Amino acid sequence: MNAPPLNVFSHRIAPAAVVAVLRTFGPVTLDGTDDAWTRATLSLKTGWFGRTSLVVTHNEDYYAGPGWAAQVHGMRGFFARAGLPPDVESAIGGLRFSVALLDAADALDKNDKRLDVVAAIANELDGMVFCPGYLLDRELRVLLGPDGARDPDAVTPRYPTNLFTLREPESGATLGAEAREPDDDDVERDPVPPTPERVARRALVMAATTARALSEAEEEDDLPGLRGDLWKWVEDCGLTDECEPREAAFLQLDGRPKDQDMLNACWRVEGLAVLMWALGHVELPRYDTLVTPRELWKVANIFGPPENAGEFVASATLRSSVELDALNAHLLAFHWRMVDFRLRPVAMDFVAFSKNCWFGSFPVDDFEIIDADLALGGKRVDVASQDARDTASSTAQERHLASNWLRGDSDVYSETDVST
1 MNAPPLNVFS HRIAPAAVVA VLRTFGPVTL DGTDDAWTRA TLSLKTGWFG
51 RTSLVVTHNE DYYAGPGWAA QVHGMRGFFA RAGLPPDVES AIGGLRFSVA
101 LLDAADALDK NDKRLDVVAA IANELDGMVF CPGYLLDREL RVLLGPDGAR
151 DPDAVTPRYP TNLFTLREPE SGATLGAEAR EPDDDDVERD PVPPTPERVA
201 RRALVMAATT ARALSEAEEE DDLPGLRGDL WKWVEDCGLT DECEPREAAF
251 LQLDGRPKDQ DMLNACWRVE GLAVLMWALG HVELPRYDTL VTPRELWKVA
301 NIFGPPENAG EFVASATLRS SVELDALNAH LLAFHWRMVD FRLRPVAMDF
351 VAFSKNCWFG SFPVDDFEII DADLALGGKR VDVASQDARD TASSTAQERH
401 LASNWLRGDS DVYSETDVST
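Take the numbering used here: the final residue in the sequence shown is number 420, and no numbers are missing along the way.
The hints are all genuine.
With a Cα cut of at most 30 Å, we get these calculated DSSO-like pairs of lysine-lysine:
| no. | residue 1 | residue 2 |
| --- | --- | --- |
| 1 | Lys298 | Lys258 |
| 2 | Lys258 | Lys113 |
| 3 | Lys45 | Lys258 |
| 4 | Lys258 | Lys232 |
| 5 | Lys232 | Lys298 |
| 6 | Lys113 | Lys45 |
| 7 | Lys355 | Lys379 |
Simulated DEER-style distance windows between Cβ atoms:
| no. | residue 1 | residue 2 | range |
| --- | --- | --- | --- |
| 8 | Arg81 | Gly32 | 35 to 45 Å |
| 9 | Pro306 | Asp35 | 51 to 61 Å |
| 10 | Phe359 | Ser410 | 13 to 23 Å |
Simulated from the structure, these hints should not be mistaken for lab results. All values derive from a computational prediction rather than experimental measurement. Glycine included, C-beta positions come from ideal geometry on N, C-alpha and C.
Build out the structure end to end from the sequences listed, making use of the hints.
Below, the structure is given as structure tokens:
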């Protein structure tokens with residue numbers, strides 16, 4: 001499963017400085033020049049003989065374009081729910097630059113070499129680091145968490161300008177400029193949930209991709225035949241237009257997929273379970289229990305006649321909005337706790353938090369609680385095994401993504417935001 005990115009924000013606009021920092025860690029391949037690049041791939045040494053790739057993206061249109069002011073105000077609004085200290089608010093108001101380190105948030109779990117790169121970039125830029133739900137200082141100490149938590153040693157950068165001392169802009173206003181009337185692209189619209197038929201089509205595509213991925217992982221006997229048959233089934237069922245480009249490429253691949261692509265596709269089975277639950281076909285396992293993939297594939301009737309898939313879509317209905325909203329609140333709380341523990345690996349009063357937290361309140365009835373905190377497999381989260389926590393984190397993210405997609409948070413499934 002892909003980890004979320006880590007984003008480094010700063011007042012200083014310095015793409016060349018970021019490249020210079022990366023080169024101190026190893027060879028760098030650039031798409032563009034030092035001053036104008038879009039993607040930098042660092043070959044990072046991880047041991048005596050090991051190397052990994054760290055991809056950093058830079059988009060000048062993002063921070064120099066008309067939507068940056070709305071982005072900064074949105075960040076302030078996000079953290080204001082937890083209580084925003086004036087010094088942090090001022091620093092957010094001074095942000096003018098950003099780069100993203102892709103698939104890097106899990107480095108916080110693993111405490112690996114990538115964190116050194118993140119901290120070096122943040123130090124060079126006197127920047128702040130955003131990861132899901134948290135704002136970190138340049139030494140990766142918590143400046144502000146979603147429940148208002150803060151490391152007493154964290155240092156807030158001081159920037160010479162502050163957007164929030166200017167007039168509140170309309171969505172899309174340029175930093176430092178007079179606000180303009182928003183056009184149609186600037187207007188924030190209410191989410192539009194997918195139709196039952198769309199959910200059913202998405203579920204069938206995900207059934208095919210997860211079947212391919214898990215069959216590859218288990219090295220089943222008839223892999224060559226299975227590889228071709230799965231894509232043919234998708235075509236025969238008229239589902240190709242529901243496939244995202246990566247899904248289509250994955251299903252059409254002649255040989256064995258890359259390990260990471262295979263792992264990412266395997267984890268999609270947890271989101272598939274949420275969609276099948278929403279369609280009323282299955283019950284969702286407990287939050288810390290993995291789904292049984294073959295039960296989901298049986299419901300999807302993979303390799304069945306195309307008319308069966310057509311009936312599956314045509315007859316689709318969804319559970320009530322009350323049920324869908326209740327699951328979303330449950331999964332947000334679960335995902336939040338796993339992200340929070342990754343950043344602050346200590347026990348907490350999860351029950352008290354549930355009654356008055358930054359995203360409202362949520363029931364804990366469907367969680368196992370030990371000593372007021374979340375439990376995984378009968379053990380409080382802080383004493384559960386690392387393997388149990390890793391599995392729970394991945395499960396939480398995939399199920400939360402599916403639930404948010406059902407709310408209409410994104411038309412493209414894989415682009416659905418799972419910030420906590």
